[in-house]
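**Q** Each chain is listed here by its residues.
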Amino acid sequence: MQPTVSTAPLDPGQIAFMQGGISISVGACGRDGMPQLVRAIGCKVAEGGASVTVFVPESRSQAVQRDVFANGAIAVVFTQPSTHRTMQLKSREGRVTALTPGDLALVDAYREAFLAELLPMGFTEPMVRAFLACPPGELVGLTFRPTAAFTQTPGPNAGKPLEAGA
Amino acid sequence: MSPRVRLDTIRECFEGVIPAVLATSDRDGMPNVSYLTQVQYVDREHVALSYQFFNKTRANILANPQVKMIVVSPQTAAQYQLTMQFQRTETSGALFESMRAKLAGIASHVGMCGVFQLLGSDVFRVTDVALLPGERLPAPAGERNLLAALRVCSERLQGCRDLDRLFDETLRCLDEKFGIDHAMLLMLDAPGASLYTVASHGYTDSGIGSEIAMGEGVIGVAARMRTPIRIGHMTTEYGYGRAIRAQLEDSARAGELAEQIPLPGLPGSRSQLAVPISAGERTLGVLYVESDQDLRFTYDDEDALVALAAQFGLAMTVLQGAAPEPAAVAAPAQLPVTAGEPLVIRHFSATDSVFFGDDYLIKGVAGRVLWSLVQDYVQRGRSAFTNRELRLDPRIRLPDVNDNLEARLVLLARRLAERNCPVRIEKTGRGTFRLAVQRPLALVAVG
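Quick mapping for you: the protein sequence lines, in order, are chains A and B.
All residue numbers for the first sequence refer to full-length UniProt numbering, where the first residue is 1 and numbers rise by one.
All residue numbers for the second sequence refer to full-length UniProt numbering, where the first residue is 1 and numbers rise by one.
Honestly, the hints are just simulated from the structure, not real lab data.
In this text, all values refer to a predicted model and were calculated from it rather than measured experimentally.
Quick reminder that beta carbons are idealized off the backbone N, C-alpha and C, glycines included.
Covered stretches of chain A, going by a simulated chain B footprint (3 or more residues, C-beta under 8 Å):
hint, region
1, 35 to 49
2, 55 to 64
3, 68 to 82
From just these sequences and the hints, can you work out the full model?
**A** Here's what the structure looks like:
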């Protein structure tokens, strides 16, 4: 059983982490048990952590969108390359959503933050920009209310339910 | 439909520059996503992932073997999605050992030494590889064409008429054609207890004659497991020298320290590749290269060096089995006149260690060979020898038919030359040589 998170699932530090310059990947699962996967380009946290939206390129996320639409199951992992700090959120109430005004600014801010994270690690700017490229009109949102949260930072606590301040 | 891609054309994605992402799902259809420390290319249809912890990913693949993985080319930013099926976990053997060594390098690089430990190699069959739509950078021009380099080196190795030349030419080729400026050749000391250095390139001290135990470090593991071992980041776990010294210092064998020739090596080695050299089923030795750059050696470098090592193994077998040149099997030459203070040569029978004066020179089979040669020189006035008679000499007690005698003679000749000894081994023809002595010798057998 997934641990159920009641009120205020995420603390402000965790919310800031999710919206920072980190790597984000999204998983879904089809009726046939086949998992699906897409890398996201930015994240929006609303309602004090009760609502999370990740932005994904339309063309790369067809299968993920199809499965999230069909059954709502979604898993999103956030990891900071320089520290390996990692957390994962899950929900059975995922939805495919259109971008709202202000979302593109978040995506742009995400690109700059991720660039700032990766440049000191030796990646080049053209490389990171190509990696994060997506025409604005081709982004879609995947929105969910997290019902479970785990820490996945490598080590003895990996896989344990996320605690406040972790 | 996304374009289909062959797994062996995207191996740069598995070098660990950009972590791969894996999606699994449990029986209830809940997905799980994880970032991977290590993806190993196995063959055109298989990859292996490191199993380090029993976590959700592990539980999921045991329950539902279907997974998806996204890898990214560090050169072009292209993303590839792999559809895969979990097949089995290997907890020993060549794949496991090569992944364990590589993981040790990764762990040191990312400060996870105590955390990353390989429990198993999870092998997946790749059923589909798709290039995902998106922006890509043009692939950078390669620094060198490894196939062209391999061809030239292959031809140059074929042209070698003796082992001495083969050793030097191989290391020269690596430098000139592959841009590898730190390399060593080590031969197996049958029956497989250790490897000894016969040639090196790019080090302050040649380290000729230095030994490494089977199973120790990348070289020892490559020889024991008969598989290439490639590490892209510095790790002390697979380092040499210090471990051996520490072992000896702590043990009753501390006296043997004086008989340790230090293994050459880069103190700040960041990339290492050890490739076994074999002839048929038999391991002959190891070709070892290293660099002070991270991720210097790629899957393609590994392929090229494995091919070169195969050619080297064949050439070595042919050259060792070559019949002596008829004209060279001459009658023993007369003892040349030498003058001066006698050089005391001591032989310790327990280890077959030979000392010139107080200086340790060599031990083991090479030590026995040298001791027999100088005995024949002093007692019987002989200075001309053939490899064949050494092979039959009961004093030398060669391990078996595949004795590597020629390699040991090369080692011995190089060690004598390097130490500037007044005793030298000089080749006089194929399978024949001369003991050149510049001072009177006084032999002392100890023990």
